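Q: Sequence:
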Amino acid sequence: MAASFRAISRSFLRYTKPLPIPISYNPIFSRRFSSKLFVKGISFSTTEETLAKVFSRFGEVIETNIIMDKTRNRSKGYGYVTFAEEDDAEKALIGTNGKVIDGRAVYVDKVEKVRKPWPTPTVRESSQPPETTPSPRI
1 MAASFRAISR SFLRYTKPLP IPISYNPIFS RRFSSKLFVK GISFSTTEET LAKVFSRFGE
61 VIETNIIMDK TRNRSKGYGY VTFAEEDDAE KALIGTNGKV IDGRAVYVDK VEKVRKPWPT
121 PTVRESSQPP ETTPSPRI
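For the sequence shown, the numbering used here gives the first residue as 1, with consecutive numbering after it.
No wet-lab data here; the hints were simulated from the structure. Any given hint could turn out to be false.
[Stated by the list, open to error] Derived CB-CB ranges, DEER-like:
| hint | residue 1 | residue 2 | range |
| --- | --- | --- | --- |
| 1 | Gly95 | Arg72 | 29 to 35 Å |
| 2 | Thr71 | Lys91 | 35 to 41 Å |
| 3 | Arg137 | Val111 | 55 to 61 Å |
The structure displayed is predicted, hence computed values, not measured ones. Beta carbons: idealized from backbone N, C-alpha and C, even for Gly.
Construct the entire structure; sequences and hints are all you get.
A: Written out as C-alpha cells, the structure reads:
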C-alpha cells in the first residue's frame with residue numbers, strides 16, 4: 001500500500017510545475033514596505049532634530065516624533081521617523097539598526113499598518129434569548 005502512495009506522489013510531482021518566482025522577489029522585503037520607522041532605545045537627551053539629522057543621511061525625512069513622558073517631561077525611549085520614499089526607509093532600517101546615537105544603541109523596525117479590528121457582533125433587538133428545542137433524552 002505504501003508503494004502505491006509513492007507511485008501516486010511521483011506521478012503527481014512529474015506533472016506539476018513549481019510556481020515561477022518573480023525576478024524582483026526579495027524575501028526580506030517581500031511585503032509592501034512602509035515609509036515610517038519605529039526607533040527604540042533612544043537616549044533621554046536625544047531630540048527630534050538629532051534624530052532627523054542622523055536619519056537624513058539615508059534620504060528626505062518628513063517627520064520625526066519622539067514619544068514623551070508627560071509626568072517626567074522626558075523621552076520614553078522610543079519614537080518614529082517618516083521618510084518621503086520607501087526605498088530611503090529601507091536603507092535607513094538596514095543602516096541604523098543597532099548603531100549608537102547619543103551614547104545608546106538604537107533598534108529600528110518598520111511600522112506595520114494598522115489592521116481594522118474584527119466587526120462587533122450585532123445586538124439582537126429583543127432581550128429574550130432565542131428559543132431552543134429541547135433535545136430528546138435517550
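Q: Could you say whether the range 29 to 35 Å given as a hint is met by the Cβ separation of Gly95 and Arg72?
A: holds, 31 Å
Q: Is it true that Thr71 and Lys91 lie within 35 to 41 Å of each other by Cβ?
A: holds, 37 Å
Q: That 55 to 61 Å hint for Arg137 and Val111 (C-beta), does it hold up?
A: holds, 58 Å
In summary, the structure agrees with every hint in the numbered list given earlier.
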